[in-house]
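Kindly generate the complete structure, drawing on both the sequences and the hints.
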Amino acid sequence: MVKFRKLTKAGLLGQIQDNFKKIIASDASSKSIVLSNDLEINLQRIKVILHKCSDVVYRDFIFAQNEQIRLALIYIDGLADSGQISNQIMRALALEVPMAVPGQNITKSEALEFIKQRGLCISQFKETEQMQDIIHAILSGDTILLVDGHATAIINNSRGKVQSLSNSEGKTMVRGPRELFVENLRINTALIRRRIKSPNLKIETFKVGNVSDTDIALVYIEGIVNEKLVAEVKSRLEKIKIDAVLESGYIEELIEDNPWSLFPTVNHTEKPDKLAAMLLEGRVAILLDGTPVVLTVPNLFVEYFQTPEDYYQRFLFTPAARFIRFISMIITLILPSLYIAVVSFHHELLPTPLLLSFAAHREVVPFPVFLEVFIMEVVFEVLREAGNRLPQLIGQIVSIGAALVLGAMAVQAGFMATSTVIVVIFTGIASFVFAYSASIAFRLLRFGLLVLAGTLGLFGLISGVAVIAIHMCTLRSFGVPYLSPIAPTTGADLADVIYRAPWWAMFSRPRLIAGQNRKRQEQGLKPSPQKNK
Amino acid sequence: MLEKGKISSIQAIMLMISMILPTAVLTVPAITVKSARQDAWFSIIIATMAGLLIAWMVVNLGLRFPEKTLFEYIEDILGKIPGKILGFLYIWWFLHMNALVIREYGVFLATAVMPDTPIIIFHIVVVAVAAYAVRNGLEVLSRANQLLIPTTVLLALVFILSIPNMKLSRVLPLFDAGLFPIVKGAVVPASWLGEIVTFAMIIPYLSKPKEAYRVAFLSILLVSFFLTTSILEALLIFGPNLTGSWIFPTFNAVRMISVGNSLGRLEIIIVLAWVLGGFFKIGVFYYAAVLGSAQWLKLKNYQPLVLPVGIILVALSILIHDGIVDLLDFLKRVWPPYALIVFEAGIPLVLLIIAVVGRKGGRKIA
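Order-wise, the sequence lines are chains H and A. Residues 1 to 533 (our numbering) make up the first sequence, in order. Residues 1001 to 1366 (our numbering) make up the second sequence, in order.
Errors might be hidden in some of the hints.
[As the list claims (entries may be wrong)] For lysine-lysine, the following BS3-like pairs were computed, each having C-alpha atoms within a straight-line distance of at most 27 Å:
hint	chain 1	residue 1	chain 2	residue 2
1	H	Lys228	H	Lys126
2	H	Lys234	H	Lys47
3	H	Lys519	A	Lys1208
4	H	Lys228	A	Lys1006
5	H	Lys228	A	Lys1004
6	H	Lys228	A	Lys1084
7	H	Lys47	H	Lys116
8	A	Lys1084	A	Lys1004
9	H	Lys161	H	Lys52
10	A	Lys1298	A	Lys1208
11	A	Lys1004	A	Lys1208
12	H	Lys197	H	Lys274
[Unchecked claim] Simulated DEER-style distance windows between Cβ atoms:
hint	chain 1	residue 1	chain 2	residue 2	range
13	A	Pro1308	H	Gly249	38 to 48 Å
14	H	Met173	A	Ile1318	53 to 63 Å
15	A	Ile1318	H	Ile440	31 to 41 Å
16	A	Pro1118	H	Glu253	41 to 51 Å
[Said to hold, decoys possible] Coverage of chain H stretches by chain A, computed from C-beta distances (three or more under 8 Å per stretch; other residues unrestricted):
hint	region
17	445-459
18	473-481
19	487-497
Just so you know, the hints here were simulated from the structure itself, not pulled from any lab data. Being a predicted model, the structure only gives us computed values, none of them experimental. C-beta atoms are modelled at their ideal positions from N, C-alpha and C, and glycine is treated no differently.
Here it is as structure tokens:
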């Protein structure tokens, strides 16, 4: 008999859920929805709205004063202060109320008032009947208390302090939030939630690694992301059969499109604000427990020329900054090779005074220019590696001391020409300008081009550059051509490549990344002074 | 289909420009100026007309047989055996033309830039780079071309810088040579512009086949524009006598440039543009030969043919001529009737007539 009742109840709930999905589909903002008297139905509705949000905690329990009355708590793990919730709400309602008010029997209809007056040990709360308010409260880090038999929810203020890492010594920001991701997955998801308080921000969690059993979370915004992309990422993640994943680099290598390429086709970030911006463009993020490095796909090459500051500073400055980054990339790739090609094959290119001074410098140098540059490049890479390994303060001393002293001494001793030292050090500095993960590719390719320029001069250099360009054209990241929107060109997307469109003109999301919903904002946001009528 | 990629109309235009322009700018001015003298620019206009006509024929044929390349519809029109024979001839023609292009390249690099390097090194490197692009298919070829084509803009920049060296009187008097030399001078540029026949291999892979006419015509017009610019540049700087006596007059024109005392010897820029353009010119013909052979042999995949065809190209480009004089003589005397009359105009015209009269091929795409 009991079984039968349960079945019908489950069937009924299933029906409610189906109907509710339709309602949500017709009215995405769920504005008009009001709570019902039935706790089960309310819970189901919230679960429908917040489906695929694995960080939402539903906790139902029995009210200590009357075993007939069921209560439910809903909050977001990581965002709400769970210590406060268990101590001041759960402990009070499930345990301590009968001690304080012994013997009093509370009926279902009195329960809400009683809880408000005597049950809750919390300083701030609100009441609401609107589903919209409830969802907003949950996503803001508040805790919802639902009481069976009442169409009113109590919103308890439980917004905790999310313990993020402040950007004290990593990359310095000119402008923008200093927060960084940390090693804890729950805190990281909370950091994202704090920026995007939408029920459409989906966080799906599963496990990877037979031995390590690491939590991994797939984060995207439903309605913006391309559904096929989510399915593709999921299927690639599901294929991973490995004993342990210790850092997101493992995942990156296991899901990327072009495992043999030097160029990374999965981007990563440690900045919550940057990640939020990427999610809003329709990308999918992969968070791994135990590392602050979050992966994002699909990854386009142009991302390496975009920095968060580009979007916070004045937009007119951005083209200049991006041009500098682009030039730095070219310098990193070809300047030493160009120097070799010109000095050893095409000296007619140099103006005569410059040629004479080059010749004068090089007179005492015992090596051919190719060998000279090659040795100097290796020395620079050694210094760089040493700087990476040493503690920060010593690292700086080593690199400055070495660069200055070693360079000057090498010239004085007649090992190197001054021009070679200038070229190599400037190239080294330029390679720091754009993102590290892409710059490694260019640093390595640079040595290949050195050999080509040393053997075939400019022709060899150009051939090498052409091969690199062709190679980059073959790359794809989760189906999106790596060099888009430049090649192939997609007109509207160029608004965020060479320049950055001002926010009042950034109308659409990238076409090749986002799904159907490409509209970012309304037209006519351009500010203008109030006209007197 | 052998090729799964699709390219946009703009990519196709860029590909066609890269296919015709690089060697045209290099070799054509001297040959045309020798015949038409200071009216060479008018020869280019006549050649453009011929080029447009060929482009029209090719696109018309291509649209009659949607989703089919030259090698596929040639059999539909003529039947199996004659179609196979003609298809084989076209494969040969693509290989031959490409070998000539590679040779021109090697000759240019060896004489103008690096005289001490054996010419075969240039051939091997150029073919290897093109092979890498061809192996990755049409999409990659056209994307890489799109990425690197801005170097062509450098050609225009170079033209602006040489304005101080120009004298307008050097192209006067107009129409001095008479009609026949002008038409005769148009033959060689027309044979270059007729290379648009290769577009027949690309029409099925356009994402919007409707725009095929526009693509072909725009490509021809843009190439003609650049070609006229470079001929005029050489003529205005050197006059007809000197221009006609050099092998690469445009290259010499750039050598004359000197801005202030510091910016001079800019020819390396033009070398850069030509070398980059050459990868794609050779790449397109290479691709046409490889894809055509695969379709001719009814293979499922064209990639296995890339390496053998590349080896043939390198060998052929070395064996085909003894030296630069031989090569230029061939380009001047044999190439126009052989390429223009047979492969670029003749066979497409015959095919079009048979297709129209015999009502072959599907409806044109509206």
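Here is how each hint holds up against the structure:
no.	hint	result
1	Lys228/H to Lys126/H	violated, 41 Å
2	Lys234/H to Lys47/H	holds, 22 Å
3	Lys519/H to Lys1208/A	holds, 26 Å
4	Lys228/H to Lys1006/A	holds, 21 Å
5	Lys228/H to Lys1004/A	holds, 20 Å
6	Lys228/H to Lys1084/A	violated, 44 Å
7	Lys47/H to Lys116/H	holds, 25 Å
8	Lys1084/A to Lys1004/A	holds, 24 Å
9	Lys161/H to Lys52/H	holds, 24 Å
10	Lys1298/A to Lys1208/A	holds, 26 Å
11	Lys1004/A to Lys1208/A	holds, 15 Å
12	Lys197/H to Lys274/H	holds, 16 Å
13	Pro1308/A to Gly249/H: 38 to 48 Å	holds, 41 Å
14	Met173/H to Ile1318/A: 53 to 63 Å	holds, 59 Å
15	Ile1318/A to Ile440/H: 31 to 41 Å	holds, 40 Å
16	Pro1118/A to Glu253/H: 41 to 51 Å	holds, 42 Å
17	445-459	holds (count 4)
18	473-481	holds (count 3)
19	487-497	holds (count 3)
Violated hints for the displayed structure, listed by number in ascending order: 1 and 6.
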